[in-house]
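The chain contents come next:
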Amino acid sequence: MSAYAVEVENLTVRIRGAEILRNVTLRVRRNTIFVLMGPSGSGKSTFLRTLNRLIDFVDGAEVRGTVRVLGQDVYSVDPYRLRSRVVMVSQEPNPFPHMTIYDNVALPAKLNRVARSKQELDELVRWALERVMLWDEVKDRLRDYPHTLSGGQKQRLCLARALAAKPEILLLDEPTANIDPVNTIKIEESLRNLRDELTIIMVTHMPHQAARVADYVALLYGGTVIEEGPAREVFMNPRSEVTNRFLRGAL
Amino acid sequence: MYRSRVLKNYLVLALVTATSLISVAPLASIIYTALVEGGRVLLELGVRFLVELPPTPLSPAGGIAPALVGSLVASTLALLIAVPPSFALAYFVTEFPKHLVSKVCEVVVRSFMGVPSIVISMFVYYVLVVPMGTQSVLAGSVALSLVALPYAYVYFTSAFRSIPSSIREAAMALGMSRLRALVYVYVGLLRRPLTTGILVTYLKVFGDTAPLLFTMGFLTNTIFVGLLQPGNALPLLIFVYALSPYEAFHRVAWGATLVLLAIYLALFTVARGLVRGVKL
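In order, the protein sequence lines correspond to chains P and U. Numbering-wise, my numbering puts 405 at position 171 of the first sequence, and it's gapless, one number per residue. Numbering-wise, my numbering puts 722 at position 231 of the second sequence, and it's gapless, one number per residue.
These aren't lab readings, by the way, just hints derived from the structure by calculation. Note that the structure is a prediction, hence the values are computed from the model and not measured. No false leads were mixed into what you were given.
Just the calculated beta-carbon pair ranges, DEER-fashion: (1) 605(U) <-> 382(P): 43 to 51 Å; (2) 571(U) <-> 294(P): 34 to 42 Å; (3) 347(P) <-> 764(U): 32 to 40 Å; (4) 375(P) <-> 764(U): 22 to 30 Å; (5) 764(U) <-> 371(P): 29 to 37 Å; (6) 756(U) <-> 375(P): 36 to 44 Å; (7) 674(U) <-> 296(P): 28 to 36 Å; (8) 294(P) <-> 605(U): 30 to 38 Å; (9) 374(P) <-> 763(U): 26 to 34 Å; (10) 347(P) <-> 571(U): 31 to 39 Å; (11) 576(U) <-> 446(P): 51 to 59 Å.
In this text, a Cβ means the ideal position worked out from N, Cα and C, and glycines have one as well.
If we strip away everything but chain P, and leave its shape as in the complex, we get:
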């Protein structure tokens, strides 16, 4: 088994002719938190969407290069099976509004056959909600609907829903972009606690957030990887002037 959860080589993505990613080569170690940083429009979300093939739904998208996830080329496997192992949480909290808090978390577990009995399912729902520090806040209202939650709680619910699918890789597309600092801290703490169980690939435009959670980082700018490496190294001694400017907030 490869030490890398994700291996991307010479990835170029064009959308309706516009080059969004150019010759990106990156590797992500298993059971680490890898943060892809970069200003808005640098191609971070597009990169995430090539890993789980959500890019397939983007009109006019052309993908070139090799993307290997969990040892397999993403274009040689069933995309639905791929997405059940490589689950993504979006920037905008998007719980299923017609399902209760419990059902939101239980659904992917049921679909992925992670739980075999009602008791196992209950335990899994509790485990997932505990991992995102939401259990204490919702344990008495699991039958309520998500519209009763705050934005930050909804985003943690989405994270719990993703965890309940028992993925091997978790993709996070700026998961704290629209939520308050308290919920942001809770999500970051949850992520740090999860790194032993799965590989996390997160996208952010906030360098200080990357500094708080990342084991490894890469800076994407204009569709190209500018710099990558262990987070401490990149933050303490950036090799590129572009990285330096990004970290100082001047990009």
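Please build the complex by placing chain U on the supplied structure of chain P, with the hints as guidance.
Quick look at chain U alone, frame taken from chain P:
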């Protein structure tokens, strides 16, 4: 300056109110007349009006049982025939809008909406009634289903198009196939517009007369014989009896009109009350 704006405001308000009243007046008049004329019949006969056979021309009173049962059976069967394909087609078209099949379906089905229902009745007469040798409830249902299909399709496509892209992405990002997303997420999310679509389609076919003219037959001597035998329907009964010269038939037609209106209102109200929308 201010006074002239106030005056203009009053003038426009008066115009809008007047035009609204003019457009509502015919409908109000129909409901009022149906209530007065039909109410008289229903008060006189009570439940007997719903369960008895229609009168003979010279008998004092009779009911609408064959038409009521025929309408319920034919409309339900039409819905069963029309809803599954229109649902599947609408989902396919909204999921793969650029597919050639979608583009063709979109044009064909929507233009089908404009086909006069009497033409549909003629078509079903030639392809079903003539080979079978008799008008029947089944032929009526098929004709109604051809009317229902584009209506249901339009409602379903607009429902599927209303799914927020964030919810679609959430379903896909969890590894759901399009079918699973439909079954586990979209149907629940869209329960209100989908139910409303089914209901409005049902009401459309329940009250439509023209598709039944050459297909359904006109059964009056018994309540129901079978799907492959002639039947009756409320709008058909109203149409035929209203044109007849007999007073007893006119009274039944008014009573049936009120029943038809009551069924419309009841179904609509019940469905709106039962199916709650989803708070986003």
